[in-house]
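K.L.:
Here's the letter readout for the chains.
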Amino acid sequence: MVLEATMICIDNSEWMRNGDYAPSRFQAQADAVNLICGAKTQSNPENTVGVLTMAGKGVRVLVTPTSDLGKILACMHGLEIGGEMNLAAGIQVAQLALKHRQNKKQQQRIIVFAGSPVMHDKKALEMIGKKLKKNSVALDIVNFGEDDEGKTEKLEALLAAVNNNDTSHIVHVPAGPTALSDVLISTPIFTGDGEGGSGFAASAAAAAAGGVSGFEFGVDPNLDPELALALRVSMEEERARQEAAAKQAAEEASKEEKGGEEQDATMTERASEGASEADNKKIEIADDDDTSLQQALAMSMDEPTSSQGLQDTEMSDAAAEDPELALALQLSVQDSTKDSSSQADVSKLLADQSFVSSILASLPGVDPNDPSVKEVLASMQNQSEPQQKQDEDKAPKKEEEK
Amino acid sequence: MSAAESATAIQRNQVDLLDFIDWSGVECLNQSSSHSLSNALKQGYREDEGLNLESDADEQLLIYIPFTQVIKLHSIAVMGSEEDGPKTVKLFANREHMGFSNVSDFPPSDTAVLSPDNLKGKPVVLKYVKFQNVRSLTIFIEDNQSGSEITKVQKIALYGSTVETTDMKGLKKIEDH
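These protein sequence lines map, in sequence, to chains L and D.
According to the working numbering, the first sequence holds residues 2 to 403 in order.
According to the working numbering, the second sequence holds residues 2 to 178 in order.
Derived by calculation from the structure, the hints in this document are not laboratory data.
It is possible that part of the hints are untrue.
Said to hold, decoys possible - Looking from chain D toward chain L, a few residues come up when the C-beta cut is under 8 Å (computed): (1) Val27; (2) Asn31; (3) Asp59; (4) Phe101.
What the hints assert, rightly or not - Computed cross-link-like contacts, DSS-like style, restricted to lysine-lysine with a CA-CA straight-line distance of at most 25 Å: (5) Lys43/D <-> Lys123/D; (6) Lys91/D <-> Lys105/L; (7) Lys152/L <-> Lys132/L; (8) Lys132/L <-> Lys106/L; (9) Lys58/L <-> Lys100/L; (10) Lys121/D <-> Lys91/D; (11) Lys73/D <-> Lys91/D; (12) Lys123/D <-> Lys91/D; (13) Lys123/D <-> Lys88/D; (14) Lys73/D <-> Lys131/L; (15) Lys128/D <-> Lys91/D; (16) Lys121/D <-> Lys131/L; (17) Lys73/D <-> Lys128/D; (18) Lys58/L <-> Lys106/L; (19) Lys88/D <-> Lys43/D; (20) Lys88/D <-> Lys132/L; (21) Lys128/D <-> Lys132/L; (22) Lys88/D <-> Lys121/D; (23) Lys106/L <-> Lys72/L; (24) Lys123/L <-> Lys152/L; (25) Lys131/L <-> Lys105/L; (26) Lys100/L <-> Lys123/D; (27) Lys91/D <-> Lys106/L; (28) Lys43/D <-> Lys106/L.
To be verified - Ranges of calculated distance between the beta carbons of each label pair, as one might list FRET restraints: (29) Glu47/L <-> Asn103/D: 16 to 26 Å; (30) Glu150/L <-> Asn103/D: 38 to 48 Å; (31) Lys131/D <-> Asn45/L: 31 to 41 Å.
Glycine residues also receive a C-beta, built at the ideal position from the N, C-alpha and C atoms.
Throw the hints in and build the complete structure from the sequences for me.
P.N.:
Here's what the structure looks like:
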């Protein structure tokens with residue numbers, strides 16, 4: 002929980018195009034920077050982090066030390082690769098930026114990502130290191146990327162010059178399968194001088210470890226047992242449901258014959274596809290019902306004069322089979338004369354769960370006890386409870402009007 | 002006579018300002034971690050000749066001392082060895098958070114070049130008028146007697162008086178005379 006102001010020096014030189022760190026050196030670096038910013042701001046909310054680039058046209062401060070993580074992440078976008086890294090200038094500008102930090106109580110720290118070869122000689126680096134130590138600035142060096150002769154030695158010398166009581170560290174990251182960020186997580190750069198690891202670092206490490214060791218569902222059961230259990234249970238449920246639906250489909254496919262029962266076929270197909278298609282089912286049901294309803298409407302519209310009588314006869318035919326269906330048809334006819342959208346009516350009809358279940362029951366080949374069908378009903382009911390209340394209000398009114 | 006006068010003058014005005022130092026804000030740049038500022042400032046440590054404040058990367062030291070109340074600074078005593086003890090000492094009153102880079106940006110309130118006498122314990126009388134309203138003091142030790150890499154300071158003592166309260170010890174001393 003050390004109160005700290007940190008300046009991160011990013012290497013955006015041409016050497017960062019190389020892909021020996023997945024996906025590219027620059028991208029790996031950016032990920033590491035994001036992680037570090039998060040860790041710093043989490044370990045102490047008053048910590049500030051700033052970012053500057055060392056290559057390109059020249060050393061450029063992208064963001065001065067701030068505790069606003071969003072600002073830092075935003076400035077990482079659209080960074081261009083080019084030029085050569087100027088380590089000395091970068092460190093000196095970082096030191097200057099830290100000097101002008103707002104909260105003078107913060108400890109000063111610079112984190113350098115040294116990916117390209119170091120041009121300066123050892124002496125110059127040692128001088129810089131001494132100056133940093135004199136001003137009580139700690140320095141963390143991430144040595145990755147190019148490894149030319151003397152680079153490691155120079156950086157070690159720089160570290161020795163800066164180091165005061167082990168507050169400064171150097172990390173060598175070789176190219177390989179493990180990501181740069183993952184390697185850094187376990188280093189003191191992240192864990193902050195042997196505090197034992199902030200919560201962020203610990204959880205990040207666990208997540209990384211989980212990914213690497215291939216935990217089921219990507220969640221460590223030790224870390225979050227409830228989540229892991231919930232995921233496992235839902236997977237098993239889904240599997241069971243799909244098996245049952247598939248069995249149903251196999252049974253029903255053998256039963257059905259009629260071409261007119263296109264609805265049934267589509268219904269069973271839908272049933273076998275599984276619960277995730279609940280919304281699609283709803284729309285499809287609406288379309289199919291709509292065709293039959295529209296036929297009824299068209300007939301009633303064609304004969305407006307004797308519409309009442311015709312409607313009644315038609316209604317009575319239907320009513321003989323299914324009184325609720327009749328009511329619904331009547332509702333839809335009356336409503337459509339007022340407002341043009343029959344689709345809305347249909348959806349209102351569907352919202353009436355009892356209506357829907359009765360329709361489904363009347364359709365041969367569909368078993369309302371099928372779990373997938375039940376789920377559709379449940380989801381529809383949940384979505385349309387307010388609508389259902391409206392329907393109930395309307396229904397008694399319509400009854401009275403009759 | 003002048004020596005005696007200055008001695009009595011010191012006695013009359015001064016209290017050791019050790020009690021008014023705000024220890025939570027005391028800072029020292031470029032000190033060696035094993036030989037820190039407390040060796041030179043704190044009661045008991047500063048009397049011990051074996052315990053010194055030592056510089057680290059080079060011979061300069063920057064000491065920042067805030068006070069718990071406003072004081073007037075009369076004189077300062079810096080003790081050290083003849084070779085490694087400090088030579089040029091610059092004092093800045095009421096400058097917060099100075100760094101080595103801006104010590105030359107503005108003139109010091111006073112500068113003292115220490116002689117071997119001073120290093121033995123004789124206080125340096127300062128320009129009193131410059132130190133009438135001191136909230137914090139920055140001591141910049143620029144070099145040492147022999148020009149060696151490490152400056153060693155055995156004791157730093159500040160003498161003066163407070164502005165707001167009358168110090169009873171001070172009053173008593175006057176009455177004694």
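K.L.:
So, against the hints stated earlier in the document, which numbers end up violated here?
P.N.:
1, 14, 16, 18, 21 and 26
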